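We have chain A; now place chains B and C onto it with these hints.
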Amino acid sequence: MVTAEEKSKNLVMNRNRQIRSSPVEKMFTYLIYGVLGILGASCILPFIHLIALSFSGSDPIKAGIVSLWPIEFNTDAYKYALDHPAFMRAFGISVVRVIVGVSFSLAMLVTTAYPLSKSNEACPLNPLFKALMIIAMLTGGGLIPMYLVMSWLGLTNTFWALVVPGMLSLWNCFMVMNFFRNVPGELEEAAIVDGANSFQVMTRVYIPLSVPVIASMALFTGVGHWNDWFSGMLYMARSRDYPLQTYLRQVVTTPNFSSLTIEEMQRYAQINSKNNQAAQIIIATVPIMCVYPFLQKYFMTGLTLGGVKG
Amino acid sequence: MKKLLAVLLALTMLLSLASMAETAADDPWFGRFDEPVTVRVVVNGADSEDGSWTWEDNEWTREWLERFNIKIEVMWNANTDEAYNTKFAMAMVTGELPDLLVLNQKQFRELQAAGKLADITDYYEENIYPYLKEKVIEAQPESAQAAAFVDGRRYAITTSGFGTVSRSIFIRRDYREKLGLEIPTTMEELIDMGKAFVDEGLAKYAFVLTDKVTGSGYTDMQAVCNAYGAYPGLWIEGEDGKLVYSPTTENMHTVLDIFKDLYDNGYIQPTFATEVSDNVTAYIKNGEVGILGSDFWVATWPLPITYEDGTVIDWDIISVPRSETNEDFHVQGTGSAASISYICVNAECEHPEAVLRLFNHTCSVNTDPELQETDRFHTVKVDEETSISVHMHNPTVRYWSVPNVNTLTGWAVKEALDGNTQYLAEQPHYQQQYDNVQKYLKAVEAGDKDAIRAAWGSNKLFGGVGSIFYNFYELYHNNLFIFDALTEKSEDYDRLWGALSQYENTFYVNYICGTEETTFEEFVQNWMDMGGALLTDQVNADR
Amino acid sequence: MTSAALRAQNIKKHHKKSVRTDYMLCAMLIPGFIYLAIFEFAPLFGLVIGFQDFKLSTGVFHSGWKGLDNFRYIFTMYPGFWNIVKNTVEIALLKLCFGFTAPIVVSLMLHEVTHSAYKRTIQTLVYIPHFVSWVILAGILRSMLDPDNGLINTIIKLFGGAPVYFLGSNTTFRGVLVVSDVWKGFGWGTIIYMAALTGIDPALYEAATIDGANRFQRAIHITLPGILPIITLNLILSIPGILNAGFDQIFNLYNERVYKTADVLDTFIYRLGILDSQYALSTAIGLVKSVIGSVLLIGSYKFAEKAVGYKVF
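Residue numbers (this note's numbering), protein chains in the order written: chain A, 1 to 310; chain B, 311 to 853; chain C, 854 to 1166.
Just chain A, with the same shape it has in the complex:
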């Protein structure tokens, strides 16, 4: 019997043979490689441009002659950012937020999705819970009622306001639930025979088998926390406790000049110079760029198995 792998190997060979045989198709191949190359480049070049800006002197930037390579190379902008307690603090707060937020979310996600993936007989609360989830996905109270609830809970003006409200993403919950359903039942049986209770089955059997979906969810939640600026503005009491993206909004947008005092104008002019801006944006983007390639291999299995129900 021919395995699928061999089959596809054969196919690739076949296709390669085919490519070699026809000049039109050869052209076509080059075209595809070229277009994809351009698209791929378009996704990275803006960042390279920004890196070039962040290392350039202010005169070439003003003249608009910096493209992909720094001119008048210097590292002042990075020194400025790294010497800057406010920036570094915002960075640190974002890091803590991601770590705490992701741990909370994953714990919640897995413990909720697991019972939902079981039959209604095993967990009679399932139909009710699913109905509530669907209603919740369809409705929303809006900003002000949400704030009132947070205030009533005493969460406003605390760090917890950044991680608690979005703790259980309902959509992600469905994804994980569907993934769990695709885990083969035999393993669970074996564990039950060994005397494991359902919580232990979850931690010993399901979680290790669901690494792709869990890793994908961790990345999504992490990126969500890292990129969110609005809840920082809404819930944090002190501007020194803002997470990085909320802090950066002040850097990348223009304030209302009419309300500024002379001192504020001067400070504004300093923190908003184009290379400082570029350097801070680069520093804020680097952590994501570092983490995601490692989790990339899980996306495909994690998302498709979870998204499409068998």
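Worth flagging that the hints you see were computed from the coordinates, not collected in a lab. Computed from a prediction, not measured in an experiment: that's the story for all the values here.
Just so you have them, the derived chain C footprint on chain A, three or more residues with Cβ under 8 Å: (1) 112-125; (2) 274-280.
Going by beta-carbon spacing under 8 Å, a handful of chain B positions derived as facing chain A: (3) Gly361; (4) Trp386; (5) Asn387; (6) Asn389.
Where a beta carbon is used, it is the ideal one built from N, C-alpha and C, also for glycine.
Chains B and C in isolation, oriented as in the chain A frame:
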């Protein structure tokens, strides 16, 4: 018996001690509280970038703790206006309000009606320092003062922000002299000069405009508008005695056509009216623009940063010139009876007098000639080069001065330069600015370029005839200021104004860029249909 | 029947017989219930503001009722409201059009790439923009599109063109919105299609090749039909988003010059509710928006179930 005596002695000592404490506490303006009192505030300003001070721990709060036994608790602060407004809206909804509130008219009405504001009628009489009462608060126009009362009771200390301050015209002297031109006396001449700067290759643009085409203060349309009798944002009395919104009058049409023409011919920068256009500073620095119609502070920043070989590039400064066609010329002042800011005390605050004490201190140290400590609480010199703007660290309110203090300083310094120094003692600000101007004159005498640059702005602001504030004083003296005639904002006004002014600004910008097919007449008609007509009726209701 | 299948059937039977309520599973749902109650259902009570003459003085519990007055006011009187609705739908449709087709085209192209290292590199690169926030992308776009010294305009000027102010013109701003949105999402969108493509039976290609089909024919007759169900599904599921034109993106990019073409429902609700303190009005619009969104969502999911047999829940 001896024992009894000793006890008596001790008692009398205790009593006298107590009475001493009482006398301190008796001072209704600056007395010290026996028990520590906490005042909760919210701050519209970022925490310091380098952590060298905090809103809780700075020159002001240390003084208050030591002197009044008042501790400041910052409930929250915000780094942008957007963040502040969002957070304050939320605070109003949840009712988690600070002890000291700085409100606008709408917020004041809502919170007052909700019973959230303290009746401070008696506290005001008792605890506000008399000098401030007389020279600062009650020296304001009648309408601003009346706004503080509801049913005869005082709920706020109000400041109108009415100011005899307008735009000034700044002209690069070297460009003007290179072309052999005189200082213009009309707006038409000024515009021609701007075009000449560009045509002769001196500047890149005749005018530049920032993100807010009206009201930004950096470089906006207001100066040109005023020259032609249009007043952005102002309700003015028309010929029939009825109020009319000035930007909907034909004069505004004239101005817009002028700007459209300038834009079409490349005399205005293409990015005007959007956020990136804060490159304005770069335009100035690079000499790409030779004329500015700006607020006064431009003289202290960024103009002094335009220098060559250490010598500041000089700018001539004049009042906004009238247009040849404008018979009834005025410049617009700031503030309006409807845009009053209200300082209020939370109804739940246990010590309203503590809040007022902070107000007394904040304002008197910068205003009262006898109590002034501007070298401690306004600008603190660290060394020759650097100074700290301590007044920016105050977590309660920006300090208030006597109304029109800058304009009057323009007059007092001019008098002093003419030899009449007796007026300088009336306000710390007069003396302070006079000293700054003296510093400039000395630097010029010594030929010290760095010192000239440091004091250049002060001289442009207050240095006698031809300085910005003396120009304002002359306009004020000749009764040439016009103010917003709107006194009362109705509920409809609050609801509609956001959309109306957004439409207005969007129209201006698109009209100038030529991306708008609507004519000015259609704009006025649309504006009226969108609710402008209703508001016009309402503001004219009592007339 | 193979032995494995038999065993599975046995286990299933055994399983069915022994099913009984597992209280531990039920207990695990409790945190979820609490979460839903607090963060999803409690805020719903706030929606009553939309029907009230809401005043701070009286609060949610004691404000007078206005019935549908707030709604009537918005729909019939509020200046510029319908223009905002129009903007929202138009922008969302534009984004849907391009944002939907781009990943399909790119997936088909990626599928043709046989050099696996090249393929992986491209995939890694095109995912990147998805992970960058709009705050940061807005900063990058501003810097690159600056008419004076931005990269794009420097290039335009190099070729003798006049600089274009992309972010400040009503004719180009939407283009920037759509292009940047597609750019941010197209790579990420390929994932689902790439997964579907790996599921196509290689034998089909083999057979087609033997029949003399060239690459275009194979792509049209095998590859495309292979992912057609997932394309249909994706299209149906994206319909409810028609009222979401992208708050984060627009809010971080727009300015007064382009309000006319770029102001959408979400930015409007924010400005009205927060900056103008019109709590009742903004809640009313939000309510209408979520009702329409729900109807579309339920409708499209039902449709998805019928058309391609996909059950979301």
